[in-house]
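Asker: The listed protein sequences correspond, in order, to chains H and E. Residue numbers for the first sequence, in this note's numbering: 117 to 363. Residue numbers for the second sequence, in this note's numbering: 2 to 343.
Hints are computed from structural coordinates only; laboratory data are not their basis. These numbers were taken from a predicted model, which means no experiment stands behind them. Don't be surprised by glycine CBs; every beta carbon is placed ideally from N, CA and C. Don't take each hint at face value.
Unchecked claim - Computed spacing ranges between beta-carbons, pair by pair:
1. Arg223/H <-> Ala304/E: 24 to 30 Å
2. Arg223/H <-> Gly188/E: 30 to 36 Å
3. Pro165/E <-> Ser260/H: 52 to 58 Å
4. Ile119/E <-> Gly132/H: 22 to 28 Å
5. Glu252/E <-> Glu279/H: 36 to 42 Å
6. His337/H <-> Gly126/E: 53 to 59 Å
7. Gln182/H <-> Val327/E: 50 to 56 Å
8. Glu240/H <-> Gly181/E: 36 to 42 Å
9. Lys335/E <-> Lys345/H: 47 to 53 Å
10. Gly291/H <-> Trp277/E: 35 to 41 Å
11. Gln203/H <-> Lys335/E: 24 to 30 Å
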Amino acid sequence: MSAIIDVSGVSKSFGGVKANTDISMTVEEGGITGLIGPNGSGKTTLFNSIVGYHPVDGGSIRFEGQEISKMLVPEIARLGLLRTFQQTRIYGEMNCVENMLISLPHRKLSIWDAFRRNTSEDRERAEHLLDFVGLFEKRWLQASSLSFGQQKLLEFAMALMNEPTVLLLDEPTAGINPTLINGLIDRLRRANTEFSITLFIIEHNMRVIMNMADTIYCLAHGQMLASGKPEEIQDDQRVIDAYLGAH
Amino acid sequence: MTKNTLLYAVLVAATVAAPFLFPSYTAFLATLWLFIIVALTWDMTGGQMGYNSLGNIFFYGTGMYTGAVIAIGLYFPVGEWTDASRSEVFSVTASQYYTGMIIGIPGAGLFCGLCAFIIGPLFFGLRGPYFAIGTLGLAIAAGEIVSNIEWLGGGQGISMPHSPLHPDFEKVLIYFLYAGLGVVLFGFLRWFYSTRFGAAINAIRDDEEKAEAMGIHTLRYKTITWAISAVFVGMAGAISAFQLIHFEPLETAYQTINLGIFMVVCVLLGGKGTLWGPVIGAVLFHVFKEVTWNYILGGQWVALGLLIVIIVVFFQDGLMGYLKHVRPGWFGIKVDTKGATS
């Protein structure tokens, strides 16, 4: 396995707040990498830096060997590096099928393709993926009328529709009914194995992330606190202290 | 599908027959088509894309002037024409008039589309109310600038070549120009909204940041959509120029508070972001306007203001939005259990 995302020495501050200080980490191709840390430790800032949401103050971010720290959000997305949002974002006034169809990979569409209608294969794939996340029956409903958890599932399905190489998930299980979490873990795993999408996940639910990830990074106060296999992280006294507030 | 085809056939037949069945209403119906065109084009950005432009009237005014400059400039020096300010000095033959019309109307559309292409990237950096105010400023500034260009007749405005037709026939010709443009526009939008392009601008409306994060070429789609709407508004403006014979910049061409606001009210009345909403809204609004302008003259602006307040406070989604709310099934919003496997 090789590093598909290579972050080295990235810093980002907002006014006086140092959200990320000299962060270095890698995401291995084909694996599931976790990112944990207490609230406000800079996890989402790191995600935002990677996908080009804001310029970084220093350091470099490479995706498949290409420097992306100066690129814009849509350009990075078209490379196949996609993210979902912590505050779920879907297209509220469109129905689920339309939400899926507009999520087709735009890196593969020319301007002339935009003037065509979606093909029946596109529709089948959209319905298949909606079925995959369990939203098939609700596919003709307006996305804004779905519950928060369902919107989260829809956003996940939209991300799969985009056929990304790497998917950055910001708290995929937050707000999801605990009885559905096992189902979601299963689907995330299948996305990783069946669709061979590299996953990079921010997660607060330790049971979920420890079960899924091959490698886990832990942030605290904007700095990289620890990294390693789930077992190592679980037993790391610094991580436990950070979560329990020993700092 | 057959029911739809029948409906469209009846509507097209009614459109063709209307000026012959109700000759005294030809001018009224021509204006109705103008309202339908500007409402449909406003809805392309305002309703479908979520960018509320108050400056689409810029393309109307620019279309009028471009149409005039082409129609006159093909055969005469424009500066001398506007200097004389009356077309008796120059005599325009019938073939010159029609050539000016045939080239002037599409030419105006293309020029306005080009304008939108150039200014689009500048204005689409603005979001929400800033975009609305920015585009309004564009229209007001354009009116002021044009009224200071002597070559275009300045504040006096510009006179069009005289039509070789009898006024009654001229009216019918203008009606069919508007109606033809309106039917083409409606057909175009029916197709356009069914393509991926239509879905992309809907996505931009619902959550532009998400659309960017999904890799959609947002600026490209926004600019092209505005340019297409500008082409149609510009052509409608050029038809208006031929209809009005004489027009001036501030009150007629760049009429921000009249047509510039009417087009928004039409869409709000009928329902934003739907294909039929702007059409229905334009019909309702035009009838409302004619009734109040005829029967409570002096109070017509008060009545219009009241209508706007009532729509904005009580019927923000317009007629189509209301129907979608009470009859979701008509719009295909339903739980469908057929074919699920999990």
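Asker: Next step is simple, just say for each hint if it's right about the structure.
Answerer: Hint check results:
For the pair Arg223/H and Ala304/E, the beta carbons lie near 53 Å from each other, so the given range of 24 to 30 Å is not met. Range check, Arg223/H to Gly188/E: Cβ separation about 32 Å, and the 30 to 36 Å hint holds. Distance hint check: the CB atoms of Pro165/E and Ser260/H are about 57 Å apart, consistent with the given range 52 to 58 Å. Range check, Ile119/E to Gly132/H: about 42 Å between beta-carbon atoms, so the 22 to 28 Å window is missed.
For the pair Glu252/E and Glu279/H, the supplied restraint of 36 to 42 Å is violated, since their beta-carbon distance comes to about 55 Å. A hinted range of 53 to 59 Å is violated for the C-beta pair His337/H and Gly126/E, which are about 36 Å apart. At roughly 52 Å, the beta carbons of Gln182/H and Val327/E sit within the given window of 50 to 56 Å. As the Cβ distance of Glu240/H to Gly181/E is approximately 40 Å, the hint placing it in 36 to 42 Å holds.
Our hint of 47 to 53 Å for Lys335/E and Lys345/H holds, since their Cβ atoms are close to 48 Å apart. Look at Gly291/H against Trp277/E: about 37 Å separates their beta carbons, and that is inside 35 to 41 Å. Taken as a hint, the range 24 to 30 Å holds for the pair Gln203/H and Lys335/E, whose Cβ atoms sit roughly 28 Å apart.
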